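**Q** Under my numbering, think of the first position of the sequence shown as 1, with each following residue one higher.
Don't read these hints as lab results, they were simulated from the structure. Fair warning: there could be bad hints in the mix.
For each label pair, taking beta carbons as the anchor points, the in silico distance ranges come out as [said to hold, decoys possible]:
{"no.": "1", "residue 1": "T36", "residue 2": "G244", "range": "31 to 37 angstroms"}
{"no.": "2", "residue 1": "F20", "residue 2": "G114", "range": "43 to 49 angstroms"}
{"no.": "3", "residue 1": "D170", "residue 2": "P225", "range": "54 to 60 angstroms"}
{"no.": "4", "residue 1": "Q187", "residue 2": "A135", "range": "32 to 38 angstroms"}
{"no.": "5", "residue 1": "V250", "residue 2": "F134", "range": "35 to 41 angstroms"}
All values reported here derive from a predicted model rather than from experimental measurement. Beta carbons are placed, not taken as given, at the ideal position from N, Cα and C, and that holds for glycine.
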Amino acid sequence: MSAVTSVRRLGDRRRRTVVFTAISLALVVTVLIAGTLSVDAASTTHLADRNLSPSWQHPFGTDRLGRDMLARALSGLRLSLVVGVSAAVISGTFAVLMACAAAVGGRLVDRVVGWLVDLFLALPHLVLLILLAFALGGGTRAVIIAVAVTHWPSLTRVLRGHARQVMSSDYVAISRRLGRGRWWIAQRHVVPQLLGHFLVGTVLLFPHAILHEAALSFLGLGVDPAEPSIGVLLAESMRFLSAGAWWLAVLPGLCLLITVKLVDSIAENTRALRDPRSHHL
Numbered sequence: 001m002s003a004v005t006s007v008r009r010l011g012d013r014r015r016r017t018v019v020f021t022a023i024s025l026a027l028v029v030t031v032l033i034a035g036t037l038s039v040d041a042a043s044t045t046h047l048a049d050r051n052l053s054p055s056w057q058h059p060f061g062t063d064r065l066g067r068d069m070l071a072r073a074l075s076g077l078r079l080s081l082v083v084g085v086s087a088a089v090i091s092g093t094f095a096v097l098m099a100c101a102a103a104v105g106g107r108l109v110d111r112v113v114g115w116l117v118d119l120f121l122a123l124p125h126l127v128l129l130i131l132l133a134f135a136l137g138g139g140t141r142a143v144i145i146a147v148a149v150t151h152w153p154s155l156t157r158v159l160r161g162h163a164r165q166v167m168s169s170d171y172v173a174i175s176r177r178l179g180r181g182r183w184w185i186a187q188r189h190v191v192p193q194l195l196g197h198f199l200v201g202t203v204l205l206f207p208h209a210i211l212h213e214a215a216l217s218f219l220g221l222g223v224d225p226a227e228p229s230i231g232v233l234l235a236e237s238m239r240f241l242s243a244g245a246w247w248l249a250v251l252p253g254l255c256l257l258i259t260v261k262l263v264d265s266i267a268e269n270t271r272a273l274r275d276p277r278s279h280h281l
């Protein structure tokens with residue numbers, strides 16, 4: 001294969017990746033907008049329409065209080081996306097700070113950061129997540145903090161390696177000879193080099209954050225039960241599955257699965273755009 005053909009194929013793959021990413025992102029934004037518009041409908045009760053199976057009028061059926069399950073699922077997805085974005089951004093930002101501290105703080109700070117990363121990675125992930133959410137008393141804020149605290153170590157390990165490479169570069173050595181301080185070097189050289197990895201890493205954390213929010217809400221340690229999150233919907237549906245109300249669990253769960261796959265595809269494509277020759281294209 002000639003070099004020109006190879007470059008053309010990489011260009012075509014890049015364009016397809018951009019188009020697919022744009023479509024996925026548009027679908028996620030649509031879910032957010034639809035969920036915001038469905039907040040009132042998600043809590044409106046119609047006792048005459050209780051436990052209806054899916055139909056044209058109610059595509060996802062209704063629950064025991066006659067609430068439309070499509071509106072509740074969309075509202076729940078909106079909440080999951082908001083929690084996921086908040087937790088992923090907080091976790092990613094903390095990972096950048098820890099990586100910079102390890103890079104410019106000397107051997108002692110680097111060892112402390114490495115020890116903390118190894119400690120958190122050695123602990124059972126879900127157990128730590130549940131304990132943190134329980135200790136914080138549940139609720140949306142507790143879920144965001146718990147998910148953020150349990151997700152920063154893996155990204156920190158990656159960013160720490162890149163920060164070390166930056167610190168060993170020639171331009172950092174020149175900056176040191178010119179008398180620049182450690183934190184000046186971190187601000188001008190390390191952080192800009194980590195921003196791309198931060199973006200990709202944060203987006204990759206996003207699907208995990210969404211799933212963990214749903215898991216905590218399912219266990220009763222997540223958002224307020226009055227909020228129609230996907231985890232709450234799945235927890236409520238368990239009592240009615242034996243009565244044949246399959247739509248209460250299957251359809252919201254399917255929406256969660258599709259949303260997570262869309263977000264995951266955005267993350268993988270974002271990483272692929274940064275490295276056009278990777279197999280992700």
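**Q** If a hint holds in the structure, say so; if it does not, say that too.
**A** Consistency of the hints with the structure:
As the Cβ distance of T36 to G244 is approximately 32 angstroms, the hint placing it in 31 to 37 angstroms holds. Restraint check, F20 to G114: a C-beta distance of roughly 37 angstroms breaks the suggested window 43 to 49 angstroms. Here the CB-CB span from D170 to P225 is close to 57 angstroms, well matched to the stated 54 to 60 angstroms. The hinted range of 32 to 38 angstroms is satisfied by Q187 and A135, whose Cβ atoms lie roughly 35 angstroms apart.
Separated by about 29 angstroms at the C-beta atoms, V250 and F134 break the suggested range of 35 to 41 angstroms.
Hint compliance for this structure: hints 2 and 5 are broken, all remaining hints hold.
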